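2 protein chains.
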Amino acid sequence: MKLHLLLTGNELMAGDIIDSNSAMIAEQIKDYGWRINKKVTVGDELDRLCSEINQLCDDADVLIINGGLGPTVDDLTAVALARVSGTEICEHPQALAHLTQWCKTRGFSLNASNYKQAMLPKGCDIIANERGSAVGIKLKHKNCLIFASPGVPSELRPMLSNEIIPTLDNLFPSDHIQTLRLGVFGLGESGIQEMVNSHLSDWPDDIELGFRASMPVLEVKLTTRGSNPEARLRQWTPRVTELLADHLLGELPISLPSATINALKANNLQLCTAESCTGGLIASQLTSVAGASQVYPGGIVSYSNQVKAQLLNVSEESLASDGAVSEHVVRQMALGAIKATGADIAIAVTGIAGPDGGSADKPVGTVWIAWGTAQELKAIKLQLPFDRTAFQSWVAALSLDLVRRQILDLPELPQLMKRFQR
Amino acid sequence: MKLHLLLTGNELMAGDIIDSNSAMIAEQIKDYGWRINKKVTVGDELDRLCSEINQLCDDADVLIINGGLGPTVDDLTAVALARVSGTEICEHPQALAHLTQWCKTRGFSLNASNYKQAMLPKGCDIIANERGSAVGIKLKHKNCLIFASPGVPSELRPMLSNEIIPTLDNLFPSDHIQTLRLGVFGLGESGIQEMVNSHLSDWPDDIELGFRASMPVLEVKLTTRGSNPEARLRQWTPRVTELLADHLLGELPISLPSATINALKANNLQLCTAESCTGGLIASQLTSVAGASQVYPGGIVSYSNQVKAQLLNVSEESLASDGAVSEHVVRQMALGAIKATGADIAIAVTGIAGPDGGSADKPVGTVWIAWGTAQELKAIKLQLPFDRTAFQSWVAALSLDLVRRQILDLPELPQLMKRFQR
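Residue numbers (numbering that gives the first Met the number 0), protein chains in the order written: chain A, 0 to 421; chain B, 0 to 421.
A couple of the hints might just be wrong.
One copy or any two copies: either way a pair holds, since identical chains are not told apart in the list.
To be verified - Below, computed lysine-lysine pairings styled on DSS-like, alpha-carbon distance capped at 30 Å:
1) 137 <-> 361
2) 1 <-> 29
3) 417 <-> 115
4) 121 <-> 264
5) 103 <-> 377
6) 141 <-> 103
7) 115 <-> 103
8) 361 <-> 103
9) 377 <-> 137
10) 220 <-> 141
11) 29 <-> 264
12) 141 <-> 338
13) 220 <-> 137
14) 380 <-> 103
15) 417 <-> 103
16) 264 <-> 338
17) 220 <-> 115
What the hints contain is simulated information worked out from the structure, not anything from laboratory work.
Predicted model, so just to flag it, every value in this text is computed and none were measured.
Isolated chain A, as found in the complex (with noise of 0.2 Å):
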């Protein structure tokens, strides 16, 4: 079944809203082995709007429209599909009664504008819309099935549950999809593509690899289809868990605080956090997480020497003769951290987030960070080559990785941050 997609609105073309509804619709089809074909997004021209429909209808079995169905001048797709059906619009029976009837519940009488969203093309059906005033409208046109849907995500997503897909799963029955999201941190798009590459030459056709880059997080995706798609992807993802190995964090939606917040809770221990070029990041991305209290006791974001001294017990000889981006002085603030929360580890993070405050010797980008126990403290140095704010998420997001590896028993540093260790 081949189905495309039909936007229209000026709002979206203005770039004034993002369109959400097209993902909607593409996440509630693809359980039925759909997905959109092609999608269009036009402003409210009535000219281009029917020559796209006609345009669109030439090369699909089942054409959706979204948008346009409102009360207003500018909303023109029932006259649209009125036109390029050869018809014209005529009060629907079923439309006014549905509008008189949501108008009386609202407490008044039908107005002009209402009145107008009852006028539809001659001979169509209408979908109920249980939210909203507009009545969807369904027709064929040429070869092509086309559903009318409403703007408004809250009056599509019924509309398209209770009606649009229920109809076209009785039109074509398919096989359903199966999707597995894994999470991975620490392999960049490329280096996993040249993984695959080297070491999965006999994956089979009939189960999509994809990956998409959210950084610092990046996933992966497997989807296949058939009579028996759970045993198909059981089959076969033991081989990708075994290529990220390290890597992966665990199925979606995971995040890099809650595996670290699960590493810790898994092994009853409390982590602490002392903070100077991430300002907080680190604190406010575990704390982000529901129940991280159970974990986390807090932290310090030491931006200050004098923060540094006085609440981590940094010596003011370290901060004076190896200044604050060394290893003396991370050492010495995670080891502060412990003392004064109680933790069991921490981390520590102390660098030049820029885009000032560089020397030749300490360029911008240079960061310390240090994490583990009392007794078994590391720290490693690198040179990250980003702008502020990603150097800012990179840091947080390796600091709470090398937790997590830590306490696992994983190989200390993931692939993709070897090469800025220094």
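Based on these hints, arrange chain B on the given structure of chain A.
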């Protein structure tokens, strides 16, 4: 000038990601008086891509292609452009130089996947990518000028403003549109609309007044064109700023943390933080601003009671009798942070972000905020009807705004928050 947009990517068709790039493009070109006429989105299929490029070029002066420039096998834009141009892809010296340099900076050598990104349609021009590996492509097909740009928003943005828009501005000069964007905190969208309706009834037709919510900050936008749009805006802007009054943060790009940091700098004051329920978010937002170290020595994330007592000197007695979410505790947190960091002003927050941890007495959404100097410390209690993420984000925003208001001697609370005060 007629401009079409072609977006490519299976992830866009599958609903895995929501396209925000086309809104970014529409926003940026709008100021030049241009708009997107038609937008087509297709998956990563070579035949479909080629036929769409051909069709769109027949009907437009300019085609912007977005996506499909990456290193993986499903990135097909370069190949498609070569095919429709009747040429082939070959190594592009400038692209190769960029890639080599890009890899070198990151400490690894060019692999096959990255090398693929140097293979471009013969004879095309490149568009520099200052943020990523994939250069853009510029070429003429039929009578249409094509720009191919990367799908990663942070790479697309500078490419648009540095190269694509200046090129178009040169080829298709038009009346410029003058736009003024104001950042506002503490007024709702409908609240502003009401204010406009009742106080700006004489607003002129040639200046468009628009709102855009990117909560917690709201954008108010004035747009005009004509022979002297700057003067026209200068004339009417004071009417709007007067209306927004203490809720106006300044001209965008302004953020809440930078507005607060500006106020601190102007008054030579230092701020510290003591965060419980926001868990470092306030600190993180402050330190996301370059130069924050001038006014922000640091803070404490006192997630556990033990850390509140140990690092902020909150009395065990208050914690036991009043509970962690109480006026006594939040005031002691603020004083403790000032003492520990040596700052002039503190923000302290303690509350119940949820989803768990609420009680009949202190339901989820309860928060105490204290702010001010040791001598003049204020505290308020609010009850916020938001989920965990929104709760943390609004508490952080309000806290920063309370400090800004105090320093600038503005009314204590923004309009929108009054209804939540308890």
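Numbered hints the structure breaks, given as an ascending list: Hint check: 1, 4, 6, 9, 10, 11, 12 and 13 fail, others pass.
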